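Q: Residue numbers (our numbering), protein chains in the order written: chain A, 1 to 360; chain B, 1 to 210.
Read the hints as simulated data drawn from the structure, not as lab findings. Among these hints, one or two may not hold up.
[Stated by the list, open to error] The list that follows gives simulated cross-link-like pairs (lysine-lysine, BS3-like), each with its CA atoms no further than 25 Å apart:
| # | chain 1 | residue 1 | chain 2 | residue 2 |
| --- | --- | --- | --- | --- |
| 1 | A | Lys-67 | B | Lys-170 |
| 2 | A | Lys-55 | A | Lys-9 |
| 3 | B | Lys-153 | A | Lys-67 |
| 4 | B | Lys-63 | A | Lys-207 |
| 5 | A | Lys-31 | B | Lys-141 |
| 6 | B | Lys-166 | A | Lys-128 |
| 7 | A | Lys-102 | B | Lys-170 |
| 8 | B | Lys-141 | A | Lys-102 |
| 9 | A | Lys-334 | B | Lys-63 |
| 10 | A | Lys-102 | B | Lys-190 |
| 11 | A | Lys-128 | B | Lys-117 |
| 12 | B | Lys-193 | A | Lys-102 |
| 13 | B | Lys-153 | A | Lys-102 |
| 14 | A | Lys-31 | B | Lys-170 |
| 15 | B | Lys-118 | A | Lys-128 |
| 16 | B | Lys-153 | A | Lys-128 |
| 17 | A | Lys-348 | B | Lys-63 |
| 18 | A | Lys-102 | B | Lys-166 |
Given the structure is predicted, the values throughout are model-derived calculations rather than measurements.
Given next are the chains, with one letter for each unit.
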Amino acid sequence: MMEREIFRKILGRLRKDELRPVLQEWGHLGKRLHEIDFSHSKHSVHSYVVKGFMKNYPNGHPDAVGKLDLLCLQKHSAKRTWAVYHLKKEQDSPPNDVADPKEFEQRLRRELGVDFKKMELCVLQHEKALWVRICISKGSKTKPMLKNATYCVHFPHTPVLIVTNMKAATAESIKQAFVNVLGYCDIQDIRLTGRCVKSLAQLSLNKYSQGSFSQYRLNQVDLQPLSHGKKRKRTESEESITDPRIVFVNQKEKKQRLEILNDTFGPNPQPTLEKIEYKLETKFHGNHYAPGMRNQTGPFHCRVKFEGTSVIEGIKNLGKTELAVVPLPDHLAKVHSLAKNHFVLQDKSKANKSVQDSQT
Amino acid sequence: MGPQELVQLVAETQKKKFEELIQAYRLTGITVTTPEPDITRVCWDTAHKGTLCEPYYMEIQHKETLRILRHSLPYFVPLETVSQTLLNTDFKKFVASMSEYLAAYVNRRQEIVMLQKKYSDILIGEVESSHAADFVQFQLKLQPESEQIIEAKLTYEQLTDIIPTKVRIKVLLRNSANASDVIVNTQDIKHYKECFHSMELTKAVGEIID
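Make a model of the complete structure from these sequences and hints.
A: What follows is the structure, given as structure tokens:
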């Protein structure tokens with residue numbers, strides 16, 4: 001009974017057009033999948049799926065729920081907020097990475113089994129990464145609950161782990177299990193969060209080829225040596241206003257601004273980040289607008305948050321639309337290459353002092 | 001034609017000649033240029049069986065020591081480990097090492113592409129692989145009308161390998177996930193494994209189905 005409800009809850013997350021391909025990939029219905037009429041209402045289709053599964057597996061199947069949950073998550077991963085972790089290794093020690101999903105699952109199950117007697121674990125390969133679902137039960141006699149599932153994405157041969165829904169009670173054990181399985185010595189939250197797994201991966205894995213250098217990564221610059229002609233450089237399309245009565249007096253400045261922005265951000269779409277947050281611990285610099293603050297000596301604590309559907313693209317557009325002075329300051333211009341979206345800005349003298357203190 | 005136009009034409013011809021020289025230089029596989037006074041750009045051009053594939057780039061700043069500024073190498077190449085030991089001690093070896101990783105990756109990837117293209121009639125579904133192509137999994141029928149399916153899992157333990165180091169073979173009956181449903185000829189399994197262990201992927205599959 002409990003399993004029926006769990007299946008209905010998971011299937012309810014999918015749109016009607018997504019049901020058939022997901023169930024096909026799930027593979028636990030076999031020939032019964034062809035007996036389901038997907039033109040019926042979602043509720044009816046869910047009932048057929050549950051019935052079909054119960055007929056195939058009257059005693060249930062240990063991995064069925066986990067696999068289906070993970071497949072549904074892959075379709076709608078943007079509904080969750082993900083955080084990026086960085087695995088650290090000791091000098092000269094090679095990591096112990098594994099690309100085979102089954103072998104990875106076995107290793108992880110062994111590690112997690114030390115701390116947790118009852119859990120569900122599922123590892124699937126999706127878009128060249130290993131997607132992991134870990135569901136741990138509170139007691140040894142209770143079944144793991146759907147809402148307690150933690151989901152992780154790992155790219156083999158990289159020290160990056162992207163995680164969502166990690167509960168405080170099990171966080172340390174799960175992190176330690178990944179550290180042990182992959183042969184690292186520590187794991188750190190790099191303060192990079194967002195909803196788009198692909199963009200988070202791009203920002204953390206390709207941080208040395210963002211901005212204008214993304215053209216080299218996407219092979220948009222040079223043709224192959226034996227082909228003739230030049231690759232057409234991808235440029236931003238300019239506004240084409242054909243009314244001859246309109247004269248632009250600042251064409252030169254506009255062109256310069258676009259060139260600087262192109263050098264900074266490149267012509268390709270920016271990775272999607274929904275939020276960038278700056279915590280300011282600098283002196284107040286707006287005395288011209290607030291003369292009363294002139295006598296303030298200590299730091300002016302302030303938090304600035306940029307939020308939107310794609311904040312980096314928005315920052316680029318601030319320069320394009322002349323709402324920000326170009327060239328942009330480093331903490332805005334280099335955001336795409338810093339692999340984080342939570343920053344602390346300090347005055348230079350204070351920052352140097354804290355670096356010196358940490359070195360002594 | 002006036003003297004100014006002649007000078008311009010000569011300059012353009014020389015420029016084109018230099019560009020062609022640079023293109024010819026790229027055929028060596030590794031090109032080093034200096035886009036700015038203190039920045040060196042290395043370009044690795046990759047190829048597979050005589051067909052040129054994509055180039056990879058790295059920009060290195062040289063002040064007191066060499067420092068990598070930007071690069072477009074795939075994220076699974078162990079750049080940090082190799083650069084810590086070789087970048088400032090033996091630059092030639094560092095460049096050669098990167099070349100080895102890239103060549104091996106392109107080779108493994110293109111073998112998968114060729115396999116999908118050449119044997120699409122006997123492959124069941126897609127060939128699954130990791131991004132580094134160091135884990136490959138596929139199912140194929142020995143004959144187009146055969147009920148017997150070979151499930152192969154190939155692992156390349158080092159990212160510089162082009163022949164798999166670990167091969168697991170299962171023989172299944174179509175519509176059965178249970179390997180025990182098939183009477184297995186162990187000699188055949190041994191032969192299949194030997195093929196994968198000794199030759200590149202497409203050639204190995206060709207050898208198996210012949």
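Q: Could you work out which of the previously given hints the structure breaks and list their numbers from low to high?
A: none
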